[in-house]
Amino acid sequence: GNSVTQMEGPVTLSEEAFLTINCTYTATGYPSLFWYVQYPGEGLQLLLKATKADDKGSNKGFEATYRKETTSFHLEKGSVQVSDSAVYFCASDNYGQNFVFGPGTRLSVLP
Amino acid sequence: DAGVTQSPTHLIKTRGQQVTLRCSPISGHKSVSWYQQVLGQGPQFIFQYYEKEERGRGNFPDRFSARQFPNYSSELNVNALLLGDSALYLCASSWAVTGNMNTEAFFGQGTRLTVV
Numbered sequence: 001g002n003s004v005t006q007m008e009g010p011v012t013l014s015e016e017a018f019l020t021i022n023c024t025y026t027a028t029g030y031p032s033l034f035w036y037v038q039y040p041g042e043g044l045q046l047l048l049k050a051t052k053a054d055d056k057g058s059n060k061g062f063e064a065t066y067r068k069e070t071t072s073f074h075l076e077k078g079s080v081q082v083s084d085s086a087v088y089f090c091a092s093d094n095y096g097q098n099f100v101f102g103p104g105t106r107l108s109v110l111p
Numbered sequence: 112d113a114g115v116t117q118s119p120t121h122l123i124k125t126r127g128q129q130v131t132l133r134c135s136p137i138s139g140h141k142s143v144s145w146y147q148q149v150l151g152q153g154p155q156f157i158f159q160y161y162e163k164e165e166r167g168r169g170n171f172p173d174r175f176s177a178r179q180f181p182n183y184s185s186e187l188n189v190n191a192l193l194l195g196d197s198a199l200y201l202c203a204s205s206w207a208v209t210g211n212m213n214t215e216a217f218f219g220q221g222t223r224l225t226v227v
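Order-wise, the sequence lines are chains A and B.
If you count by the numbering used here, then the first sequence holds residues 1 to 111, one letter each, in order.
If you count by the numbering used here, then the second sequence holds residues 112 to 227, one letter each, in order.
Do not take every clue at face value.
What the hints assert, rightly or not - A few chain A positions that, by computed beta-carbon distances, are all more than 10 angstroms from chain B: (1) Ser14; (2) Thr24; (3) Gln45; (4) Lys77.
Unchecked claim - Sample of chain A residues at the chain B side, in silico, Cβ under 7 angstroms: (5) Glu42; (6) Leu44; (7) Asn98; (8) Phe101; (9) Gly102; (10) Pro103.
Said to hold, decoys possible - Mimicking DMTMM-like on lysine to aspartate or glutamate, the simulated pairs with C-alpha atoms at most 20 angstroms apart in a straight line are: (11) A/Lys52 x B/Glu215; (12) A/Lys77 x A/Glu8; (13) B/Lys124 x B/Asp173; (14) A/Lys49 x A/Asp84; (15) A/Lys60 x B/Glu215; (16) A/Lys77 x A/Asp55; (17) A/Lys49 x B/Glu215; (18) A/Lys56 x B/Glu215.
In short, the hints are calculated from the structure, not lab data.
Yeah, the Cβ is synthetic: ideal placement off N, Cα and C, and Gly gets one too.
Same shape as in the complex, but just chain A (with noise of 0.2 angstroms):
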């Protein structure tokens, strides 16, 4: 089945540095590629996604590339913040089938 591998954290980075997330993913498929974000105490909350290959998915700064030749979807920020301390996941959904999630990774974003 599709499986999706992610930097082990926890990521602690200053304020306004650079954020490079790594996500590789296995699957028979093309499948659409996710990234969703978890703050403490609530539910993941999509943050971008990209469909099908070479797409660059982005929002609130973040953005991730479909890599087909690399099976990667990392995830960047020029200039992280305070408030994006979270647990970050990567996620793959192939038609019929439903999300796979990597373990996901802390960040921590320091003043």
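Chain B: place on chain A using the hints.
Below, chain B alone, put in the same frame as chain A:
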């Protein structure tokens, strides 16, 4: 519009007991999925229901069951609770079956189940 609502928010049960968790999807959404999130891990798929029919089941024992009602709300039941069932149980609502690339799922805040 209200988002996905789950009840209760927190629950403490004893080993061997049974528990029922509830989820109300966003108005107009016909699909509900359930996920288990153990502390420090990503959510794991349990069930998906669409139009009151089961459309998918994850790798969970038969102690786990679910159903969807005519108003599209859903219940997740877990029998003979084990300590390892302690987790955050998330409900996701979507207008169609997830897996359709244009279908977005919206998650509730979850029910925190603690088994002692």
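Hints, verified against the model:
| no. | hint | verdict |
| --- | --- | --- |
| 1 | Ser14 | holds, 25 angstroms |
| 2 | Thr24 | holds, 14 angstroms |
| 3 | Gln45 | violated, 7 angstroms |
| 4 | Lys77 | holds, 20 angstroms |
| 5 | Glu42 | holds, 6 angstroms |
| 6 | Leu44 | holds, 4 angstroms |
| 7 | Asn98 | holds, 5 angstroms |
| 8 | Phe101 | holds, 3 angstroms |
| 9 | Gly102 | holds, 5 angstroms |
| 10 | Pro103 | holds, 5 angstroms |
| 11 | A/Lys52 x B/Glu215 | holds, 15 angstroms |
| 12 | A/Lys77 x A/Glu8 | holds, 18 angstroms |
| 13 | B/Lys124 x B/Asp173 | holds, 19 angstroms |
| 14 | A/Lys49 x A/Asp84 | holds, 18 angstroms |
| 15 | A/Lys60 x B/Glu215 | holds, 18 angstroms |
| 16 | A/Lys77 x A/Asp55 | holds, 17 angstroms |
| 17 | A/Lys49 x B/Glu215 | holds, 9 angstroms |
| 18 | A/Lys56 x B/Glu215 | holds, 17 angstroms |
In summary, the structure is inconsistent with hint 3 from the numbered list given earlier, while agreeing with all the others.
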